[in-house]
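Student: End of the sequence shown sits at 959 in the UniProt record's numbering; the numbers just go up one at a time, nothing left out.
There may be inaccurate statements among the hints.
Unchecked claim - Below, simulated DSS-like cross-link-like pairs (lysine-lysine); rule was C-alpha separation at most 25 Å, straight line:
id, residue 1, residue 2
1, K793, K645
2, K507, K497
3, K20, K125
4, K350, K375
5, K448, K55
6, K857, K883
7, K497, K918
8, K793, K370
9, K26, K87
10, K162, K119
11, K156, K119
12, K955, K507
13, K778, K390
14, K793, K848
15, K888, K877
16, K390, K308
17, K308, K375
18, K375, K293
19, K196, K67
20, K125, K390
21, K777, K497
22, K857, K665
23, K715, K691
24, K950, K665
25, K657, K676
What the hints assert, rightly or not - What follows is a set of in silico ranges between Cβ atoms, one per label pair, in the way DEER data are often shown:
id, residue 1, residue 2, range
26, S149, E896, 57 to 65 Å
27, S700, R730, 55 to 63 Å
28, K692, S333, 47 to 55 Å
Keep in mind that the hints were calculated from the coordinates and are not lab data.
Cβ coordinates follow ideal geometry from the N, Cα and C atoms, glycine included.
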Amino acid sequence: MATCSRPKTRSEAKELDADKAFPPSKHFNPPTKLPTLQSVISMLRYHLEVEGIGKVTTDMAVSEVAKQVYAKYYHDTVYCVSLSTIKRRVEALRKQFTEGRKRYGQKGKENSKAVNDYKELFERKGQLFDVYLEDPVRRQALQEEWGVSMSDMEHKYYEDQKTERKMYCHKGVDPVWYQSTMRAQRVRERQEEYRKERDQQFQYRTLDEITANLIEAGEIFSSTASSGGEEPEESEPKQKRQKTSETDKHHKEGELSDNPKGKKRKIFTAVAEMEVDDPLPPAFQHIRESERKIREDFYKTVANLSGKGLSISEASSAVIEVGNTMFGRRWKSLGEYDEIFDVDTVPTNKNIREALQQIEAQSLSLVVDKLDEEKQKGRMITHASDSTTKKGVGQFKGEGLHVGQETPFPLPILPIHGETTEDIAMQVDMGFEILASVRGVSAEDVYKLVDTHMTDSTEHNKGFANLLAEMYDIEKPAGQLFCGTHTTLGFSSAMNKVMKIVEADMKMEQVLKGFMVDMEVGSKNTSLAGQSLDMCLKLVAPEYSHKPWNRYKPFLLFLEQRNVSNVLFAYKDNRFGCLSRAAAVLIHIYDHLVEFLRQNPHINNRLACLVREVLELPYLKVVLVVFACLGVHLVEPFYARTIEKGATHTQLSEFYKGLHTGLGKPISDDFTRFIKPEYTAVSDDLFAGVKKSYTEEVLSSVSDVAEEHMEEVKKLTNLMLPHMQTVLARQRRDYGIDEESFPMDYPVSDQASNIDETPVHNIGMERQCGKVDHRLKKLGTLNAVSRSIILQKSQELIRHGQVPSFRGFKAAAQAKREVELNWSRHTQEKFEMGAAQKQEMAQRNERKRLDMLDKLKASGGPFTDSSEVEQFIASEKLNDKEKQQRMKLEIQFARESTTLLPKVDPIFRIQVTLPSGKRRTKTAQEFGEALMSFLGKKSDRTTLDYDKFKESLNKIASL
Numbered sequence: 001m002a003t004c005s006r007p008k009t010r011s012e013a014k015e016l017d018a019d020k021a022f023p024p025s026k027h028f029n030p031p032t033k034l035p036t037l038q039s040v041i042s043m044l045r046y047h048l049e050v051e052g053i054g055k056v057t058t059d060m061a062v063s064e065v066a067k068q069v070y071a072k073y074y075h076d077t078v079y080c081v082s083l084s085t086i087k088r089r090v091e092a093l094r095k096q097f098t099e100g101r102k103r104y105g106q107k108g109k110e111n112s113k114a115v116n117d118y119k120e121l122f123e124r125k126g127q128l129f130d131v132y133l134e135d136p137v138r139r140q141a142l143q144e145e146w147g148v149s150m151s152d153m154e155h156k157y158y159e160d161q162k163t164e165r166k167m168y169c170h171k172g173v174d175p176v177w178y179q180s181t182m183r184a185q186r187v188r189e190r191q192e193e194y195r196k197e198r199d200q201q202f203q204y205r206t207l208d209e210i211t212a213n214l215i216e217a218g219e220i221f222s223s224t225a226s227s228g229g230e231e232p233e234e235s236e237p238k239q240k241r242q243k244t245s246e247t248d249k250h251h252k253e254g255e256l257s258d259n260p261k262g263k264k265r266k267i268f269t270a271v272a273e274m275e276v277d278d279p280l281p282p283a284f285q286h287i288r289e290s291e292r293k294i295r296e297d298f299y300k301t302v303a304n305l306s307g308k309g310l311s312i313s314e315a316s317s318a319v320i321e322v323g324n325t326m327f328g329r330r331w332k333s334l335g336e337y338d339e340i341f342d343v344d345t346v347p348t349n350k351n352i353r354e355a356l357q358q359i360e361a362q363s364l365s366l367v368v369d370k371l372d373e374e375k376q377k378g379r380m381i382t383h384a385s386d387s388t389t390k391k392g393v394g395q396f397k398g399e400g401l402h403v404g405q406e407t408p409f410p411l412p413i414l415p416i417h418g419e420t421t422e423d424i425a426m427q428v429d430m431g432f433e434i435l436a437s438v439r440g441v442s443a444e445d446v447y448k449l450v451d452t453h454m455t456d457s458t459e460h461n462k463g464f465a466n467l468l469a470e471m472y473d474i475e476k477p478a479g480q481l482f483c484g485t486h487t488t489l490g491f492s493s494a495m496n497k498v499m500k501i502v503e504a505d506m507k508m509e510q511v512l513k514g515f516m517v518d519m520e521v522g523s524k525n526t527s528l529a530g531q532s533l534d535m536c537l538k539l540v541a542p543e544y545s546h547k548p549w550n551r552y553k554p555f556l557l558f559l560e561q562r563n564v565s566n567v568l569f570a571y572k573d574n575r576f577g578c579l580s581r582a583a584a585v586l587i588h589i590y591d592h593l594v595e596f597l598r599q600n601p602h603i604n605n606r607l608a609c610l611v612r613e614v615l616e617l618p619y620l621k622v623v624l625v626v627f628a629c630l631g632v633h634l635v636e637p638f639y640a641r642t643i644e645k646g647a648t649h650t651q652l653s654e655f656y657k658g659l660h661t662g663l664g665k666p667i668s669d670d671f672t673r674f675i676k677p678e679y680t681a682v683s684d685d686l687f688a689g690v691k692k693s694y695t696e697e698v699l700s701s702v703s704d705v706a707e708e709h710m711e712e713v714k715k716l717t718n719l720m721l722p723h724m725q726t727v728l729a730r731q732r733r734d735y736g737i738d739e740e741s742f743p744m745d746y747p748v749s750d751q752a753s754n755i756d757e758t759p760v761h762n763i764g765m766e767r768q769c770g771k772v773d774h775r776l777k778k779l780g781t782l783n784a785v786s787r788s789i790i791l792q793k794s795q796e797l798i799r800h801g802q803v804p805s806f807r808g809f810k811a812a813a814q815a816k817r818e819v820e821l822n823w824s825r826h827t828q829e830k831f832e833m834g835a836a837q838k839q840e841m842a843q844r845n846e847r848k849r850l851d852m853l854d855k856l857k858a859s860g861g862p863f864t865d866s867s868e869v870e871q872f873i874a875s876e877k878l879n880d881k882e883k884q885q886r887m888k889l890e891i892q893f894a895r896e897s898t899t900l901l902p903k904v905d906p907i908f909r910i911q912v913t914l915p916s917g918k919r920r921t922k923t924a925q926e927f928g929e930a931l932m933s934f935l936g937k938k939s940d941r942t943t944l945d946y947d948k949f950k951e952s953l954n955k956i957a958s959l
């Protein structure tokens, strides 16, 4: 009887022992040779698992090991790549080791790439960690930088380290100390050479000649060089003792003038120009209580106004205007050249800003107290965050803390650079460092109050809570919840994706080539129908009315003349679900827009010409109807239920499961009539609210168009439902909707002890990012915007209960500022490192382009005219495979060398999408058509009829 062989279990197979192969080590082993892969990993383990456990971050450990590698190569005089490049290679090696170690031995991961790479490390552990500099030009520059050349013996030593490793280099000193000392010594040597050159240069010359030479070289400036620019700041002059008259003794020294010269001082007078019989109590008559002391109420009022979005100058002016107009005061601001101020003069903006910083520090301190108080009551604390990019300030991150499901308390807004999981963890840590700095406690103590995190569901947000737990040495990481509203964007993407498959079968690229105005469908999941919808509404959208190409006002007048109600809306006000709502609106105004453009032929900008083209697409109305109907029955109810006040995770779990079940069935006959909800999970009240938001006249227009194309509407809708069902199951997987296909990564019920007291969405952070965008236009800087948002929310904390004076938070405000400055420096360093990486990538791309050019030149290319492409395709000297390879290389070279089109332009695509959704490489003929189009040949104008759309729809539906 034959016995079948079975694979060995882990216990039976030879097990890889990382502790034996890569034991933690403080130094390279041996220290007299260049480091191996084993040495680098051992040092990383030492810093992360032995000496620095709980104190050293991954980035700190990688930086330390990279520094040691660089110092060793410097010590041994072996030219190496830059420190930043070494750091990236050390980080890549660390990830290869940690990822493989984590997955090694897991069921189903035996043959994964991470495990195979991990096994390979054991085989290659004795190999050199090679960071030798290959570029001869860079080596020459490095020789000048290091001040020493690499001899033949050192070249031989390097080659030996890659092979037998018998040679060694030992100078008897620590490499890092040697690098620092020798670098300083070589700098001194160069300075001495420079001094000798200057001695010779200045010998036998007059002082005027020497000065003229230095000015010409730009090393010093002439006395008039700065006359046209800003005056340099002068240090405050020393105060001199002066004799004063009896009258002068009644005056005290005032505030320093804002005059740049800084020489005159303001004079304070205690006598204000007021009526003798003032009806107001003395406590409310003036801004100041004395020369130096400003009423706290003034600063608090300015803080409240700043929280409403006013700048410091605007808030100060508002206080003056209200006091003078409503209460007969004579309050005033301090003019630049005013020499006297009194008790009715408001402080300078600088003093107000310092006071607001103290109030901000007080507010953040009160937030910590509030969290601690609510935590003791058993309330759930949720940390929420969201990041975005705005013009002028770059990337930034907004954070807040929820108590239960209440509106979050905002934390300081941080400028950021990078969004890896490690970056996210460091950003969250910085928010808690700031809270800790104003409260005088540790960041760990504040972070331990948090039960769970709320973010969007992008991949880099997953797992950062585990990194924070390691950083703070917390046994159980905080939970992670993901915002449900973003699933609506997934629904829109799924609808566009299906349409893109249908359009690919319809050969839409041939139709696009025939447009009189060039048009590309550039986004990954955007269909031509979806982009057409966007263009049509942008032409007449209210939010773009300030643009020269927009025709909102003329179109609005046109609708009024036809007694048609205005249903246009701003996209920014309906980010979630705007695709479906926009489709319904366009259906309602479709014929009016066509007639508007027909009656106004003078409207011929590029967008208007494209809109005229796409409005002639025979299938566009069908697609718009489907988009609109799915919005009314699915997208809008999903969004409304998710953001409904009081909604809990338990309730949403049942709602999502009900929707998922309904999406698995074909639509009913009443789907386009909107008589009742299509899905049982959607209540009648919820459905009625959605219909009201769309308006009856818009839905009536959608139903009328649907009746004309009912068969195609049903087929296209049923074609989209499985894709939308998949989106729902995948993006809401943590609710256990379809555990067989999409198992839970972060089961919702496990993320907090009382999950139904945590937020179900992240709209608070979304709105905060929008508020930042709005206030940046006035306040200008992230710091000012961040402070205004915190002050706005802090009114609730300060208004309730007794709080101490904000004047006691001067030290806390300074501590907060120092933490933020350190973060800004860290962010700037990351930005500079990223710029260096981009430059290196650009150099690699240039080498790649030159390599392709050499290959094409060897074959008689590259093509520069469409006729050359035609001749090559028609030639019989090469077979189809060889032609395909040549044309593929031509397209790739055109993509890398063009400065007229983006590299993601559809004309440069290497593959095409089949009706089944699969992809294949283009043929030589298809490559040739794309290249000829790029080189200037336009295809004949192609028209599209409705039968072609029906044919493609039937074909894909039958698959």
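Student: Compare the structure with each hint and give your call.
Tutor: Tested hints:
1. For the hint linking K793 to K645, the alpha-carbon distance of about 20 Å falls within 25 Å, and the restraint holds.
2. Among the hinted pairs, K507 with K497 is consistent with the structure: their alpha-carbon atoms are about 15 Å apart, no more than 25 Å.
3. Among the hinted pairs, K20 with K125 is consistent with the structure: their alpha-carbon atoms are about 12 Å apart, no more than 25 Å.
4. About 38 Å separates the Cα atoms of K350 and K375, which puts this hinted pair outside 25 Å; it is violated.
5. A distance of roughly 17 Å separates the Cα atoms of K448 and K55; the hinted pair therefore holds under the 25 Å criterion.
6. Using a Cα cut-off of 25 Å, the hinted pair K857 and K883 holds, with the two alpha carbons roughly 15 Å apart.
7. A threshold of 25 Å between alpha carbons decides the hint, and for K497 with K918 the separation of about 13 Å falls inside it, so the pair holds.
8. Only pairs whose Cα atoms come within 25 Å are accepted, and K793 paired with K370 is accepted, the gap being roughly 13 Å.
9. A threshold of 25 Å between alpha carbons decides the hint, and for K26 with K87 the separation of about 18 Å falls inside it, so the pair holds.
10. Note on K162 and K119: the hinted pairing holds, with a Cα-Cα distance of about 21 Å set against a maximum of 25 Å.
11. Distance restraint check for K156 and K119: the Cα-Cα separation of roughly 31 Å exceeds the 25 Å cut-off, and the hinted pair is therefore not satisfied.
12. Restraint check for K955 and K507: satisfied, since their Cα atoms lie roughly 14 Å apart, inside the 25 Å limit.
13. At most 25 Å may separate the alpha-carbon atoms for a hinted pair to count; K778 and K390 meet this at roughly 14 Å.
14. Pair hint K793 plus K848 does not hold up; C-alpha atoms about 54 Å apart against a cutoff of 25 Å.
15. Proximity of K888 to K877 is assessed by CA-CA distance (about 18 Å); at most 25 Å being required, the pair is judged to hold.
16. Of the pairs offered as hints, the one joining K390 and K308 holds, with about 21 Å between alpha carbons and a cut-off of 25 Å not exceeded.
17. In summary, the hint linking K308 to K375 is not supported, as the alpha carbons are separated by about 30 Å, beyond the 25 Å threshold.
18. For the hint pairing K375 with K293, the CA-to-CA distance comes to about 38 Å; that exceeds 25 Å, so the pair is violated.
19. For the suggested pair K196 and K67, the alpha carbons sit about 34 Å apart, so the restraint of at most 25 Å is broken.
20. With a C-alpha separation of about 46 Å, the suggested pairing of K125 with K390 is violated against the 25 Å cut-off.
21. Restraint check: the Cα-Cα separation between K777 and K497 comes to about 36 Å, which exceeds 25 Å; the hinted pair is violated.
22. For the proposed pair K857 and K665, the alpha carbon gap of about 58 Å is over 25 Å, so the pair is violated.
23. Restraint check: the Cα-Cα separation between K715 and K691 comes to about 24 Å, which is no more than 25 Å; the hinted pair holds.
24. As the CA atoms of K950 and K665 are separated by approximately 22 Å, the hinted pair is consistent with the 25 Å bound.
25. With a C-alpha separation of about 20 Å, the suggested pair K657 and K676 falls inside the 25 Å cut-off, and the hint holds.
26. The given range of 57 to 65 Å is broken by S149 and E896, whose C-beta atoms sit roughly 37 Å from each other.
27. A hinted range of 55 to 63 Å is violated for the C-beta pair S700 and R730, which are about 35 Å apart.
28. Taking the beta carbon of each, K692 and S333 are about 50 Å apart, inside 47 to 55 Å as hinted.
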